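Asks: So the sequence lines, in the order shown, correspond to chains A and B. Mapping the first sequence onto this note's numbering, position 645 (from 1) lands on 645, and the numbers just tick up by one. Numbering-wise, this note's numbering comes out as the position in the second sequence, counting from 1, plus 1000.
Heads up, a few of these hints could be off.
[To be verified] List of simulated lysine-lysine pairs, BS3-like, C-alpha gap at most 30 Å:
#1 B:1278 / B:1258
#2 A:223 / A:178
#3 A:19 / B:1438
#4 B:1492 / B:1278
#5 A:743 / B:1438
#6 A:626 / A:743
#7 A:626 / B:1438
#8 A:481 / A:626
#9 B:1293 / B:1278
By construction, these hints were calculated from the structure, which means they are not laboratory data. All values derive from a computational prediction rather than experimental measurement.
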Amino acid sequence: MARLSEHVSPFTPRWRHFKDRAATVAVTAGGSGVLIAILLIFFYLLYEVLPLFSNASMELRASVDSPFGEAPLHLAVEEQTELGFGVFADGTARFFVLDTGELVLSEGLAPELGAVTAVAAEGAEGRLFATAHSSGSISMYSHEYRLTYPGGEQVVTPRIERHYPDLALDFGPVPVVKLAVGDNSEGLVVAVLNQAGELRAQRVNREENFITGAVSLEQEELKIPALGGETAAFHIDENLDWLFRVDKAGGFTVLNLRQRDSNGYLQVVSQGELFTGGGRLSTSTMLLGGISLLAASDRGELAQFFMVRDGEGGNYLQRIREFDTGGVVVSELVTEQRRKGFLALGRDGELQIYHTTSHRRLLSQDALPLGAGAAAISPRADALVYVDSNGDLRSWRIHNEHPDISWSALWNKVWYESYDEPAYVWQSSSADTDFEPKYSFAPLAFGTLKAAFYTMMIAAPLAICGAIYTAYFMAAPLRRKIKPMIELMEALPTVILGFLAGLWLAPLIEDKLTAVVTLMLALPVGVLLFAFLWSRLPLSIRSWVPEGWHAAVLIPVVILIGYLSFAANDSFELLLFDGDMRRWITTELGISFDQRNALVVGIAMGMAVIPTIFSIAEDAIFSVPKHLSYGSLALGATPWQTLVGVVIPTASPGIFSGLMIGLGRAVGETMIVLMATGNTPIMDVNIFEGMRTLSANIAVEVPEAEVDSTHYRVLFLAAFVLFMFTFAVNTIAELVRQRLRVKYGSL
Amino acid sequence: MKMINEQELHSDRAPGVKSWLRSGEPLIWLNGAAVSVSVIAVMGLLLLLAVRGLSHFWPADVLAVTVSYQDQSRELLGEVVEEVEVVGTQLEGAGIELQGPGPFYQRTLLKQGNRDFLGTDFTWLINEQFGERRFPSDALVIERLEWGDFYGYLRGVSRFNTPEVTVAEEGPELTWQALQELIAETDAVREQIRQIERVEIGAINYELERLRLRERELEMDGALDAAAQADLASLRAEQEARFRVLQEELYVLYDSIKDHSYSAELADGRVVTLPIAKVVRAYQPNAMSIPAKVGLYFERLWEFLSAEPREANTEGGIFPAMFGTVLMVILMSIIVTPFGVVAAVYLREYASQGFITRTIRIAVNNLAGVPSIVYGVFGLGFFIYFVGGELDQLFFPAALPRPTFGTPGLMWASLTLALLTLPVVIVATEEGLSRIPKSLREGSLALGATRAETLWRVVLPMASPAMMTGLILAVARAAGEVAPLMLVGVVKLAPTLPLDGNYPYLHLDQKFMHLGFHIYDVGFQSPNVEAARPLVYATALLLVLIIALLNLAAVSLRNRLRERYKSLEH
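Given the sequences, and given the hints that come with them, work out the whole structure.
Replies: What follows is the structure, given as structure tokens:
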């Protein structure tokens, strides 16, 4: 063809030739456009997903030599990373410009109480901190900031706010060297270690008068029993339940802050060794949320612990996961304020960034100018500030957008905080800021496969049997009617199937469960019985119905069986299940029953998938060359033998291809699952419970996910997984079909 | 096919059970049953939709009944929605004392309406507690703008807070007439109000917003001098003056209807007075003749098709959803047709059949198999946040930070669905092209036409029915697709249609309503699912009808096309 037009071209004017060329170019471009479109989808999804798996990076932001002369006892950064904040041993709290070290505000902290001997921040996320003074008194403050925009420029105004000004917390006269503080709506717990090595604690209960709104504080001393070893560190959890105490040798003791023994001392709940490698404690801290304890040994061990219920009403401190430091001895741990991540500063100037839930090390850098000093991370975790013992100020920019995802956290069991064992959980958001997002694809993928499985259980037999009958046995005039009708089903919007499944089928099945089960059993039996009786009928009657019209004859039979099943529902239910099959299932079988369950999804999605499988399988069987079956029949095989021995083996790739495409459709279907299940991400094969699929999860959560957040990208990853799955399934199906076409061609 | 073996043919006696089983006959029957079940499922589904969807508009008779239970009795008035049979133990489990012998009992779901007085629209009753069933001819049903339907007995009508007619004095006939007249009057005023609020004030608001944007644009260009400011201020003042006039008019109109009321007696004997301004329609179904009911049936059906939704979409019509669906589908067609046809022409007419075409075919098949939600996610991320965000930066900086195209809207929805339906058009067009006999192309080329001319003058015209088929199938697919639209532009309630009288008339950046999403939203997100259910069935039926019609049109076009070229195939 191509050559022909070239031979003609010498006689055509130039512009015709040009037009021809232009058309060729345009059409070729348009054709390649399809390929580009699919590549675009692939690469765009990949582009959104990849940042999830990229590591963190950092760069030096500012370096100021010795603006302070000493390291502060406590260091913090405000939200906009413009100002830094430090509490110094002389009892002053200073706000300074991060990039220049220039002092903005300096304020003495309760100078009447004496110099500051120790400072402790309350939790990772707050701005509240407690200071211990040389007199043994404790006072509490927070550093606060106000943003204003005079003349369009952002100005941060800092101030110090005193908390509990009227509360006298006194641990004197021995000076305090270390303290820990926990504060929540019910009160305050302060624990201190004094110079004599004595651990003491006080609880302050806050009570609010409902009528007047006046707050009264009630103070009590918590008596700490004698504990072996020398106290190295101690922490208080967020709920003010536990006091974690670690001795220098790495032994830990957990005290219950709410229970006393017979002598009035706090009860010891759990004791043991923190480190398996036998090292001594190097440093420890509480992770954001105040549930997990992080501890590092002087032999390079770094691990996370939290309290777990033992099933008998008791609690113990469980080693949750350890982090591979690569031999670095961690000397300081800095926790992030919005995520469950933390920074580990090594003894020799190493810096490592970790995330606990995803169990990832995101960055490991050596030889930074870090030494004994104070470190702080900004609230948005985008800046690290460090003041060394000379008072030199250094800050770094940190790029660490998505530490909370890793391939193993997506697919394996993860031991989440406050869980008693590792689990697969999908729980992407909550009202709390210190919430640990749980991104496990396992329950979603499980739900997807569960839905697809029950769908295929219902669709595959119906579609394939239907295809076999329609293509091989059905009379041609009937086939011309039936085939378009079943194919028309494919065009039925899935939103309608989902709506019927959720609002009509689900209550119906719940109400008439016995009838549904009866129907599934009675249908094949009834049809076989009818067929047998039919074969007993005299030939004269049977010949009224032409060959290949079985299906039409069966329609009233099927309707009758269906009607009888439903009519007998109540009687059967009364007879067998004491009038309520649903209750019987729950109480006798111990299986929970949701109204919107996998059975409903299976039936509804089966309706959506049947036409797909049917159409492809029917085509494959119908186009098996006729001479093959004629040959078989001529050799004396019955039609059924011919079908099983010759036709189906030849057409099997086509049937397989249909099943694959049907599976692809079942996996990706959104509306039906969205409407016909409860959308709870559970992992249970129970046919009477619901599920949450990848696709429905995307539909539910994408509109609420913040653009480019981890959650948003994880949902893109879910879409990418769906894309790749259907891509693989469809490509296999298409390749099989192409091969089949070649095979038929050669027959 | 031959299914009776020789033995059977020659003897009238049926074969034994064993040989019957061995013949494979039972399995053939089972396969046949699979077809029957599928057919019954399709037909049953359509029948269910049709029955439930169409019966909603029928003005059902209103039942009045006394329900007595444990020495207490109450009067109820309402429509019977359904009656079901339950096992007594289930009821006893719920703590209800039963009188009858059992074991089965009839329960009735009654739509009693009057949500403002009774709390719930629907109530389940046990039939054995019923007294005599009555169908009083003066039972009144009022469809209202708020609180759902009202059921009761008309007692009087007041105009401007003064009683005009009462049943006790003037009789039921006159009162009923007065009520209907007043409703008609109020309705006319309400239509005027709607016209002013929606169209005229809408246009003013739109104009004011454009002035604001122009001011911002000038400010950003640094061209906002005193003259421009004065100019803008005068334009603004002009609009505001118009607004004040209209507002005055509105006050007058509102005042003219707000003091009309009707009083009616509830089933329990309470007499209540309610405003006529909130009445859509009143009728007395028990007194209506069949032709009158048929008339009302079509009136309500028409309202469903042509009116806007009310009461969180659970009542009223679905016109904006229909309009949005159609508009989106038209835009999608405009985008998808050229691309699909060109791709098909490339595959069939230009590309050499080899590795590349095979890859493209696999790509097309894959595009068809990619879950629709993935298109939605792609549309949201790529079209809306990426392309839309860039467009906003380039062309609509004045409106920022409020996004113009960087937010879900009509254009992105059409584009996403165009991508989704591309394979449908390609496959259908290719099939059409493959049916055109080679001899025709060769004839054209032999007469000296170039390839492009052959394509344009011979091949494409002949393939046009196939393209139409593809397009119709694409439209059918797009009309029923919901999952991606939820992400790229559909909302449960759009205040205005995306096509109106304000320049530039077609608002591609607006969000719109869609029939499929309407079904999902009303059926699953609505506060009163029970009341909304009939409407959802009706909407579903409408959607199925549209899609079935489009598909049937495609099938018949395909068949006509085949007939047309049969003669050309030698």
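Asks: For every hint, state whether the structure bears it out.
Replies: Each hint tested on the structure:
1. B:1278 / B:1258: Answer holds: residue 1278 of chain B to residue 1258 of chain B is near 9 Å, not above 30 Å.
2. A:223 / A:178: 18 Å, holds
3. A:19 / B:1438: Roughly 22 Å between the alpha carbons, so the hint for residue 19 of chain A and residue 1438 of chain B holds.
4. B:1492 / B:1278: It holds: about 23 Å lies between the C-alpha atoms, which stays within 30 Å.
5. A:743 / B:1438: 25 Å, holds
6. A:626 / A:743: Given pair residue 626 of chain A, residue 743 of chain A holds - Cα atoms ~14 Å apart, limit 30 Å.
7. A:626 / B:1438: 27 Å, holds
8. A:481 / A:626: Distance ~22 Å between residue 481 of chain A and residue 626 of chain A Cα, so the pair holds.
9. B:1293 / B:1278: 23 Å, holds
Every hint, counting from the list given before, is met by this structure.
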